[in-house]
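*Asks:* Protein sequence lines, in the order shown, are assigned to chains A and B.
Heads up, the first sequence is in this note's numbering, so the first residue is 1 and it goes up one at a time.
Heads up, the second sequence is in this note's numbering, so the first residue is 1 and it goes up one at a time.
One should not assume that every hint holds.
What the hints assert, rightly or not - Output of the computed footprint for chain A on chain B, the stretches with three or more beta carbons under 8 Å from beta carbons of chain A:
hint, segment
1, 321 to 333
2, 374 to 388
As the list claims (entries may be wrong) - In silico negatives: residues of chain A with every beta carbon more than 10 Å from chain B:
hint, residue
3, G3
4, F37
5, G146
6, L169
7, A196
8, V206
9, R388
10, N405
11, G434
Note that these hints are calculated values from the structure, not bench results.
Everything numeric in this text was worked out from a predicted model, so none of it was measured.
Just so you know, even glycine gets a beta-carbon here, dropped at the ideal spot from N, CA and C.
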Amino acid sequence: MLGQERIKEITDGILARSTADQTEVVVLAGDSFLTRFANSAIHQNVADTDAEVRIRVVVGKRVGVATTNNLADQALNQALENALAIARLQPENPDFKSLPGPPPLGSAQGRPIPQVTAFSEATAACTPEQRAKGAGSICLLAREAGVVAAGALTTATLEVAVANSLGVLAYCPTTYADVVTVVMGDAGSGYASALALDVNDLDFEVIGREAVKKCLRSQNPRPIDPGEYTVILEPYATQDLVEMMAYTGFGAVALQEGSSFMVGKIGQQIVDSRISIWDDGLDPRGIPWPFDFEGVPRQRLDFIEKGVARGVVYDSYRAGKEEGKVSTGHALPAPNTYGPFPLNMFFAPGDTTLEEMVQSTERGLYVTRFHYTRVVEPTKVVITGMTRDGVFLVENGEIAYPVKNLRFTQSYLEALNHVEGIGREPRLLTGMDGMARDSVPALKLGKFTFTGTTEF
Amino acid sequence: MKTLTDRALNLAQVRGATYADIRIVRRRTQDLTVKNGVVEALSEDESQGFGVRVVVDGAWGFASSAHLAPDEVDRVTALAVQIARGSALFKIHDVKLGPAVAHVGTYRTPVQVDPWDVPWEEKIDLLLKADKGMRATPGVTVASSSLGFVRENKIFANSEGAFLDQEIIESGGGIAALAVDRESGEVQERTHPNCFGHDQRTEGWEAILGMKLVDNAPRVGEEAVALLSADPCPSGTTTVILGATQLALQIHESCGHAIELDRVFGTEAAYFGTSFLTPEKYGNFRYGSGIVNLTADATLPGGLGTFCWDDEGVPAQRVPIVRDGIFCGYLTSRETAQQLREIVGDAAPETSGGAMRADGWRRIPIIRMTNVSLEPGEWEFDDLIADTDEGIYMELNRSWSIDDKRLNFQFGTEIAYEIKNGKMGRMLKNATYTGMTPQFWGSCDAICNENHWQVWGTPDCSKGRPDQVAHTGHGAAPARFRNVQVGMMK
């Protein structure tokens, strides 16, 4: 770790030397370790140490960005000069208002950056041997069951600091530990994954047993015709619904450009009234991260509240394009043409268990997770993808037998209008691009359209 | 640099490594984006560091750092050794690398105009002109255009005597127009020259000029708006002719990933899955019709997967993958090449096909596509259309999905045209098609000739944990497929 003092030296030095009208320095410094296994043996074991300094300068209404991971003074000065040169040569951007300043005290956003627990000493100190033992315990469970395990175990520390010439100053050290495994037999597979701030909160044996059990149960799947089915989705599958809705519609860019399903729907009922989805970077049930990549304190932002569309996330640039909007604390690192994005989403749990969902189903499909999902039509959130790692036919309140994987082509929005049950035990899972952390429950949906099948 | 590479390799061996390599990488990038007449992003990034890979007690270890200094080289090398010993606790067999690799040399991507020699102002001006051209059509909601350049300097050295110095230069760019019908909520997009508004090549500024972004901008804007009122693609089973860019992605997903031998051996099982092309199919499985010939060629001029040596120091090669429809080759590493020979014997090559590539200094090399291409056929495009009584022509990818053994796929394209009685007819929107890989390629009955063949870049191919993004190339010409299921949009 670089440490707060060394990072402040870097940010202070750049801010002092900059001749721009406004300057922002973002430092991302981290150590990441990953142990990867396949065929019930470790095949890849890696570590990396990096520190990136990202400099954004504003000259009038011109913005330039340069980054370097060379922390020598000469290299940092060169990056600053590059950013200044880039900014000076371009035409003015009339849409750019300003970098964010510290929020004025007394305003809605006028609170100091909250103190959150985001760091675990145990995760930061985790050794290659500890990771090997964690991965090894899953491999051993698979070997004992006569199947094979593949997966990855990650432990990482990340220091994030943002400082700008308007007085923003934010620093937070964070950690996370993540494990994922696919366990495979000759004809069928199972899956399990988990995410925690503290590596000691991951129970590798529990994860291994879940995947092995699912694998053994999914052997020798039978073919089944595509068509419309009731589906019971494990949290892994539910997560895809949340992430695809975020990707297509929970950000300000999609709303402003007209491609979001939220356009013209704010305040209207868009899905079942039992559905609430929000982002909250301060909630300790997730992996807290108290500010965004512009140093703006994160706010809880409701996307859908009891089925009603409420709002989308903003960064300072996108907020500046709309009268009366302010950043919600969801900026990604600049330059970022994709715009703001939620990284700490929560799907409100319900009051049902997976067992009760199965028992209440006359005929349906039980789905472990979705695979390779892609947007077919963004404004209706029509998504295509495959089932994976365990799909079962449910008949007369019981899991009857495993079936071969299916392809679906389905509007997620439409599916969320046929809710028949929401799980009461959410799971915390790593999301899009490894940066997002989502808390999601199981779901039972009355109608879901499968459009194809595959051979396994 | 030689002092540092020697230091790492010596220390690794002193600490017990039976093999070691080090890569020192410096990557510079420039990125520009213009959106609706405004420069939205302009950046110059630089990342440098080194990665040390070792085999100790028959197992792999890898560690990397951004801090290029003797003490840090020592720390990272020692860490790689420690990690390898951890890996050895749960290994099944010892790593075998086959014949030693000890090449020495230098290479630089041949470019006519170094993109770093082109002033920022000229790049911005080009994008602003393209942007204006797209927005000349009323109804274009968002026009965006972008350029991106990569310069990667890479030194590779290993304990077998290799010392290689490469400079890879890439130039990419493209334009995209989005049209939105606010009443219906419908969104349509057209891009040029490749899907998602970006093509990329191992060439200089001349690659950007060849894209003719400004010339194509008005057409792109017009077609985006026209798609809003086009008829939807019908559902059913019909003949499909895929344009070259769509075919490039079809090759990428249904062939390129399926032939990665590490994926076949299960090391990607927990991420994007395995492959149906298992070793018993090697040399005898009918992958496609008799006119289907696929190659993986890392020597292809301009291809985004072109280099001189891979990240194990193995020379770039042209490897046959499918010959006359029969599956006959994999993308391999030194280790997997030996593993394959243990399964199929002398039928497999003795040495690696040279497909190990790492995403910068931070990541360990894994098997990646080079330029996986469909060899050209014999047809002129106009003759192919004239020879088709009924069908749909589809071009430029809009969505893509494939199962975790690379069998069942579904693709959507930006634009399509009805073909009737040998002529292109009305424009169609929301076109999709689906199929199973071997059946689909088995239905290929015509491929256009070299006049219509081009290598396209895919600069955003994800694989591995931690996630690695690779830059791959795919040569293709339009081709015809029979009895394809189309129109899955709900």
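*Asks:* Mind taking a look at whether chain A covers the segment 321 to 333 of chain B? Criterion is 3 or more residues with CB to CB distance under 8 Å.
*Replies:* violated (count 0)
*Asks:* Count the residues of the segment 374 to 388 of chain B whose CB lies closer than 8 Å to any CB of chain A, then report whether that count reaches three.
*Replies:* violated (count 0)
*Asks:* Per the stated criterion, does the least C-beta distance between V206 of chain A and chain B lie above 10 Å, as a non-interface residue requires?
*Replies:* The assertion about V206 of chain A holds, with a minimum of 17 Å to chain B.
*Asks:* Taking C-beta pairs only, is L169 of chain A more than 10 Å away from all of chain B?
*Replies:* holds (23 Å)
*Asks:* Report holds if the minimum CB distance from N405 of chain A to chain B is greater than 10 Å, and violated otherwise.
*Replies:* violated (6 Å)
*Asks:* Taking the minimum C-beta separation from A196 of chain A to chain B, is that value above 10 Å?
*Replies:* holds (17 Å)
*Asks:* Find the nearest Cβ of chain B to the Cβ of F37 of chain A and say whether that gap is larger than 10 Å.
*Replies:* violated (7 Å)
*Asks:* So is R388 of chain A really clear of chain B, every C-beta pair being over 10 Å apart?
*Replies:* violated (6 Å)
*Asks:* Mind verifying the non-interface call on G146 of chain A? Its CB should be farther than 10 Å from each CB in chain B.
*Replies:* holds (15 Å)
*Asks:* Closest CB-CB distance from G3 of chain A to chain B, is it above 10 Å?
*Replies:* Non-interface label stands for G3 of chain A: nearest chain B Cβ at 15 Å, farther than 10 Å.
*Asks:* The output says G434 of chain A does not contact chain B. Does that hold with a beta carbon cutoff of 10 Å?
*Replies:* violated (6 Å)
Hint check: violations occur at hints 1, 2, 4, 9, 10 and 11; the rest are consistent with the structure.
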